[in-house]
Amino acid sequence: MSDVTFHAVATTGQLDEDEAMQVIVEGKEVSIINLGGEYYAMDDICSHAYASMSDGYIEGDCIECPLHGAQFNIKTGKAETPPASVDLATYEVKIDGDSILVGLPNG
Amino acid sequence: MSSDQTFVIIGAGQAGGWAAKTLRDEGFDGRVIIIGDENFAPHERPPLSKDVLLGDAEKDSCLLWPAGTLEDAGIEMRLGESVTSIDPDSHTLRLGNGETLGWDKLMIATGGRARSLSVEGVDLDGVYTLRTIEDAEAIRSRLTEDASVLVIGAGWIGLEVAAAARKRGASATVIEVADRVCARALTDAMSQWVHALHEKHGVDIRLTTAFSHFAGDGKLRKAVLADGSEIACDIAVIGIGLVPNTELAASAGLAVDDGIVVDENGQTSHPDIFAAGDVTNHPNPLLGRRVRLESWENAQNQAINTAKAMLGDKQAYAEIPWFWSDQYDANIQMMGLPADWDQTVTRGDRDAGEFIEFYLKDGELQGAAAINNPRDLRFTRRMITSGKKFDAAALADPDVKLQKLMKG
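Protein chains in written order, with this note's numbering: chain A, 185 to 291; chain B, 463 to 870.
Since the hints were made in silico from the structure, they are not lab data.
Just so it is clear, the structure is predicted and the values come from calculations on it, not from any experiment.
Just to be clear, a hint being listed does not mean it is correct.
[Unchecked claim] Pairwise CB distance ranges, derived in the manner of DEER restraints: (1) A273(A) with R812(B): 38 to 48 Å; (2) A273(A) with S547(B): 41 to 51 Å; (3) V862(B) with E213(A): 19 to 29 Å.
[To be verified] Below, a list of computed lysine to any residue pairs in the SDA-like style, where the Cα atoms sit at most 20 Å apart: (4) K521(B) with A233(A); (5) K278(A) with G261(A); (6) K869(B) with S283(A); (7) K863(B) with E203(A); (8) K259(A) with L199(A).
All C-beta atoms in this analysis are idealised placements derived from N, C-alpha and C, irrespective of residue type, glycine included.
Construct the entire structure; sequences and hints are all you get.
Next comes the structure, spelled out in structure tokens:
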């Protein structure tokens, strides 16, 4: 058995290019992001203060927290700019037809 | 970079903390010493007039990093100590305990102190200003349901104190000498909205009202206005602005003019002395003028930029200023410092409390202010620096995404 379980969270039609949206997967707030036609998923709550990253804007490969402007790399979750210093977890994404699936670790 | 140099930072707030951390992050391995007169590790102040005042957060939530982070990076913390003088020629400074410290480069990040009033009764028990953690904790301990709170000054601090008082069940009266709230920062229409928000929450706001003095019997009992009328109160918070702590710099012979005068790299009139944060008067290339900002973001980013300049990495600090306030359930944000505009465009629903105002000159965006719309507000930073001309009708239409206007 795989150590990741995929959950269908949205459809590709719901997420325009260079847009992000919050989904709740197993009670967890996750941001799914369409970066130039590729889909990514990361924790949605900024590691610095309580804010939803999916409300932020995408700039290059980063998404910017709407509250204090911390930028995180969409592909790696790395905290790229202050005030954040703790990275965000990223998750595997699969596309099945027009379904976006996010892989959450089991257990 | 292997160094036997000593860099000293005076001030352990947002700017001082970020300067120290940046020196290490950039690889400086010489001595770094932070001297702070508050007995608390580097911290930010926005929560002090919000969550800490409400009792929703403890003071540790203001720390920039978990306890021990800077010590673990080999940064020497001299907290609860003050600097009494700087001697630029000998590259030394003197501490309150008489000790002399040498430095190769110095950063002054002394911030500011709350402006007070020299009036009768200002020393009565119950009269406060709000700047430090101690201030916030003292005021919080008095914000009980049966308290009558008087706020002098309808600026950000004053209004946030009024909001905290009402949320904790105390009564709140705000007196303001101007004819509207936050007159320096907000347009008429925004002022009216914020004013109405406070009235809805039961704050008694009295505009064009001049204060005279406090009266009491050791404890504050009332405030007396210029016209002789009285307001009974047991706590008063004076929120009439900030005085930059420039005395050390001035007595060291550095250029001071509404703040320590620095260039776009944070360098003062002495080549080995730098300054950052609320205390600086600095050029803003994007605005085309000098500014002194009292802002969280400037304290962070100017300090980072200046710390890099201290290490020889000089890039002009240039950012569109950004500010925010939280009052009740309203998040208020401002982008830019618009000095001159000929058109105001509103997008969103004023009555529902979710809207943004754009300030345009010849179609170019000069600044914006938003209630409960941080997303659009944040994006205006790019719109302001783009120099593009924007169509008022498109800006006013919430269905037109701002990104689209930037691409078009």
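Hints versus structure:
Evaluation of the 38 to 48 Å hint for A273(A) and R812(B) yields a pass: the beta carbon distance comes to about 39 Å. The beta-carbon spacing between A273(A) and S547(B), approximately 50 Å, falls within the hinted interval of 41 to 51 Å. The hinted window of 19 to 29 Å between V862(B) and E213(A) holds, with their beta carbons roughly 28 Å apart. Distance restraint check for K521(B) and A233(A): the Cα-Cα separation of roughly 15 Å lies within the 20 Å cut-off, and the hinted pair is therefore satisfied.
Annotation: proposed proximity of K278(A) to G261(A) holds, straight-line Cα distance about 18 Å (limit 20 Å). Proximity of K869(B) to S283(A) is assessed by CA-CA distance (about 28 Å); at most 20 Å being required, the pair is judged violated. Pair hint K863(B) plus E203(A) holds up; C-alpha atoms about 11 Å apart against a cutoff of 20 Å. Between the alpha carbons of K259(A) and L199(A) the distance comes to roughly 17 Å, so the proposed pair stays at or under 20 Å and holds.
Comparing the model with each earlier hint shows a violation of hint 6 alone; every other hint is respected.
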